[in-house]
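Below are the chains, spelled out letter by letter.
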Amino acid sequence: MTAPADQLTGAATELLGWYEQMAVIRGTEKAAQDLFLAGLVKGTTHLAAGQEAVAVGVSAALRADDYVFATYRGHHHAIARGASPEACLAELMSRATGLCKAKGGSMHLTKADAGMLGSYAIVGSHLPMAVGAAWSATLRGTDQVAVAFFGDGATNIGAFHEALNLAAVWRLPVVFVCENNLYMEYTPIASVTAVPNPAADRAPAYRLPAELIDGNDVVVVRDAAARAVDRARTGGGPTVVEARTYRHFGHSRTDPGTYRPAEEVREWLARDPLAVARDRLSRLGVPDDVVSTVDGRVAELVAAAVSAAKAAPPADPAEALTDVWADGGAQWRT
Amino acid sequence: MADVTATGGTITYREAVAEGIAREMRRDPTVVCLGEDIGAAEGVFKTTVGLFKEFGPRRVWDTPISEQAIVGAAMGAAMTGIRPVAEIMFSDFLACCWDYLANEIPKVRYMTGGQVTVPLVVRTANGGGLGFGAQHSQAVENWALAVPGLKVVAPSTPADVIGLMAASIRSDDPVVFFEHKGLFASKGPAAPEGHVVPLGAAAVVRPGADVTLVALASTVPVALRAAETVAAEGIDAEVVDLRCLVPLDMHTVLDSVGRTSRLVIVEENPYQGGWGATVASIVADEGFESLDAPVRRVAAACVPLPFADSLEQVVLPTADKVAAEVRRLAAY
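Chains as they are written, first to last, in the numbering used here: chain A, 1 to 334; chain B, 1001 to 1332.
Please note: incorrect hints may appear among the correct ones.
On the chain B side, residues computed to face chain A include the following (Cβ under 10 Å) [what the hints assert, rightly or not]: (1) 1055; (2) 1058; (3) 1068; (4) 1069; (5) 1071; (6) 1096; (7) 1097; (8) 1108; (9) 1171; (10) 1173; (11) 1203; (12) 1318; (13) 1319; (14) 1320.
Label pairs and their calculated CB-CB ranges [what the hints assert, rightly or not]: (15) A:196 with B:1103: 30 to 40 Å; (16) B:1271 with A:326: 27 to 37 Å; (17) B:1037 with A:113: 31 to 41 Å; (18) B:1135 with A:329: 29 to 39 Å; (19) B:1029 with A:255: 41 to 51 Å.
It is worth saying that the hints were derived from the structure and are not from the lab.
In this text, a Cβ means the ideal position worked out from N, Cα and C, and glycines have one as well.
In isolation and in its complexed conformation, chain B is listed as follows (with noise of 0.2 Å):
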């Protein structure tokens, strides 16, 4: 875990996550971990590093390349008393056990008429940005909020890593963690001794008169220097960080746009059945006599992945193209 005291009370994403999970592991010894590389080889991302050191193999279990067997023993689990962190190494090999995300926990507890429930988390690294390629940078938030029944996280700092978490495990509802790889490497303040977030709190990270921005994870920052952008140009963005899809916190950003007028989506999976759609339809619902402007999506472009960095620009969300959007609103 991260030594915190010693890094001048500041921490990475990437050590946020193992400090996340070692503090629910100690406060409640039915958290177990689960996943492929995730014990002694501490993850492929050191994203669990010092947990199999500090709780050992009867906490930290590394599995065999058996994406379904390591959702579907989580699941079960689950369901007879203990709270399983189940790792998928990369986001786009959810598509290898999609039937648990998707047929089984979602559904078992509705199906049996509340008769079980399933407390687990299951993590996984998700997000473009560092030329892996079509099968190892997918944006899939938006595959899990296609599924009523799971809860659905994804941080953008290094503290909501560590606030998120706890709320995750302590959760009695699965919840699919979305860690976004271009994140790891990133700081922030530590978060402080029983840091809880709770889902479904979006944060206004930067406030603003003109225009909404409503990001997540990765997108956070790209709208962040976005506005900086714009600011020097006389517009005034707010940032709202959504920091999770399920429960959508659509309170936040309606009183946002309530007061700008403008809404601006940024987010990183591919615009055709983004989550975005999901904010602006209820925007356009509910928010319509707020708007002065259309509302605009910037999401990724609708092809897999491309490998060099130079195209994966053209299709990813960047400050420029979010800067451009936010010219055209602030123009109406």
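So here's chain A without its partners, still in its complex pose (with noise of 0.2 Å):
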């Protein structure tokens, strides 16, 4: 069964809006790992390719005025939550047109208008960030709820545990969103962690509600935020969601992976969030044709993001001595 793509339900909307988002995720990172290639991407990358769905699910769950808090490995974030390709990939080539004046690089996308307060390259460091925000919507008595987006791998340090005991004790509105890519950088994260499921199974510990969930299937992540947001907003406190994904790329860019078996890469590619979308939008009757139209369109906006922060120019030097202070200078003597 398939329709025109006027007489779409609205679920089919919905989800080929998300698969839209989750394209434009996978084009521009494509194009950071080309760009990178051909010597226009300094430093290194950490791509989201593969984890697209964690990021969209859960933006599709919150408010404009709600709290996202990611890490190191953040392009996918910044964009759910309203960065233009054109602005991260101009940070990434170091233009003066970048997200965060090429200050920040890859690592710390950021677009505070959008209440995504940054990307941290500290491991773990911002879960208690996103404790404070919360603690700020209650104190402020709004009913915002902050969301700490996190690696496997920030399950064994402190700060996570830190924040997940102040964060139940004051029944704070947070939710804890790990994206278990099976991987802590090249060691798997089974070998080094004490449970199978490194942050679903914290969760008791500190008497939170937890979710262990299939981290491709945006619908998937989609309504298991809706309920642990719907939780945090209702006065209900903190949840952990724990989505299983994968990562295409290697850790960093120089990482090419060679540490995955063959056959587990091979499964999961084969369950590429934006395939099993595919699916599920054939299974709700949208054309194929209607699909192939947003590639087009994705593909076009991808390549004009490009050549928009290729022509930008490069990072102005007087740059590096300002923003410092809440005055704008770096002034620090007299």
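Starting from the two chains in their separate frames, assemble the complex, guided by the hints.
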């Protein structure tokens, strides 16, 4: 059963929107990889290709005034909260038009005016920050919710445990979303963690509810996030969501990921979140040509973003000595 | 809080901490305190006495022993409309949450291209002289000085505690506020209502013509005692209380050295990497023509703080040590 684009059900239209967001992230990540190989991106990148459904599914459950804190693998979270591919790629390419004026780089994409309050590259550090943003919401009497996205590796660092405990004790509106991509950098997370599910299995110790979900199915992620966000917003306190997923690239740009068994890689690539979403769209009666139209639109958008970022001026050297203090300057002495 | 009228217009440094916080909490409902034992227990140093009673559990929050959660949560709250005042009980414990003071709080504004602001205060009891041993006695103000992006405040008098607390809490920048344990019992004139001491304004607390003593927090009274000692010998020492390490008021220091031509820096943190090295380097660079003698630094010895009083006195700056250096310079 198929239907013309203008006759899609609400569910199909919604899913098509999430599919498009995931495709934009995938396209941007591939462009970042290509630009890196072309020598236009310096430093390092930690690409999120393969993990798009977590960002898009959770964002779909959030309001515009909610808060998001992410990690150095955070391009997908910035884009899912409204950062443009052009601003993200310009940041990676050290352009003046970059999302953070080329002062942050790949690991620190931030879009504060959309509640995306940063990407942090010290593992686990941002979980207490998300707890603080949730605490702030309760102090100010709003019903905002804060989300911390983190990797499986973060579950073995102290800040994770301090954050879960304080959030539980103060019953704060925070959702802890673990993107378990099975590898702590190069090492299988299972080989360095005392429990099989690194985030979900820790939640009971803090009397927090946990959900272990398929992180490659955007509908599953959105539904779990909606339950957790609703619990947070209505005074039910924190939830731990552990989304199992898989990265398509290595840990960072120098890592070919050869430590991962070929069979495992094949299985997970077959469960690419874009393919899972396309399969769902098909079952909802969305014709292939409608999906192809979206794919074409995304390809054009990403290509235009790449062109614009390439054409943008380099970072202004004067910017190096600004933005330390709230007055915009860097003066530390008289 | 201190009942200023009942104490005849004097107040202890300890009372001034609570008074300074209370004044800001009264004028700004977004000022909220968090820390270990600060609420009903009123602080292990009794520096939050009266706050829980006046403002209640929605403004004064007891936390677990969880320094990363305390400072990390303060950061997240500061980014979203609250002005948190976080207490880290002993400054030695800053090491437990140093990631937030070295990597997160001072960098987030810069690395986001100015997208976020972090108006918070981390208060902490600093320094030695009370026999608390190596892990509860260090003067660590130089740790904070080593990090671009933190403002660093260390008052020496009760009135300055109140005035600098006001400026710190009102600051849109993150402030590390060092309260000196050895000064908690000291008394001084109470500060009038509305008293604010701007960050980065040093005070000449004793004018003099022959030698400049630059001091901070606990070393201000040490320098003043040394100045009295050498005054009896005909040496007229000027004492500058820096009050803050960031912003660092080098204008006042260079002006003083321009008049006295001699400089002794008195600091409680270890000589190795101590803040006096930064002051000395700037004077060597920008005040070289003024100097008639080498710059001397009287700092803590480069060892962990020992327990016994007699051993602590060997390690820490004392008025006798300062006076000896002043005499050496005066002889040039």
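Status of each hint after checking the structure:
{"no.": "1", "hint": "1055", "in the structure": "violated, 12 Å"}
{"no.": "2", "hint": "1058", "in the structure": "holds, 7 Å"}
{"no.": "3", "hint": "1068", "in the structure": "holds, 5 Å"}
{"no.": "4", "hint": "1069", "in the structure": "holds, 4 Å"}
{"no.": "5", "hint": "1071", "in the structure": "holds, 8 Å"}
{"no.": "6", "hint": "1096", "in the structure": "holds, 9 Å"}
{"no.": "7", "hint": "1097", "in the structure": "holds, 9 Å"}
{"no.": "8", "hint": "1108", "in the structure": "holds, 6 Å"}
{"no.": "9", "hint": "1171", "in the structure": "holds, 8 Å"}
{"no.": "10", "hint": "1173", "in the structure": "holds, 5 Å"}
{"no.": "11", "hint": "1203", "in the structure": "violated, 14 Å"}
{"no.": "12", "hint": "1318", "in the structure": "violated, 28 Å"}
{"no.": "13", "hint": "1319", "in the structure": "violated, 28 Å"}
{"no.": "14", "hint": "1320", "in the structure": "violated, 31 Å"}
{"no.": "15", "hint": "A:196 with B:1103: 30 to 40 Å", "in the structure": "holds, 31 Å"}
{"no.": "16", "hint": "B:1271 with A:326: 27 to 37 Å", "in the structure": "holds, 34 Å"}
{"no.": "17", "hint": "B:1037 with A:113: 31 to 41 Å", "in the structure": "holds, 38 Å"}
{"no.": "18", "hint": "B:1135 with A:329: 29 to 39 Å", "in the structure": "holds, 37 Å"}
{"no.": "19", "hint": "B:1029 with A:255: 41 to 51 Å", "in the structure": "holds, 49 Å"}
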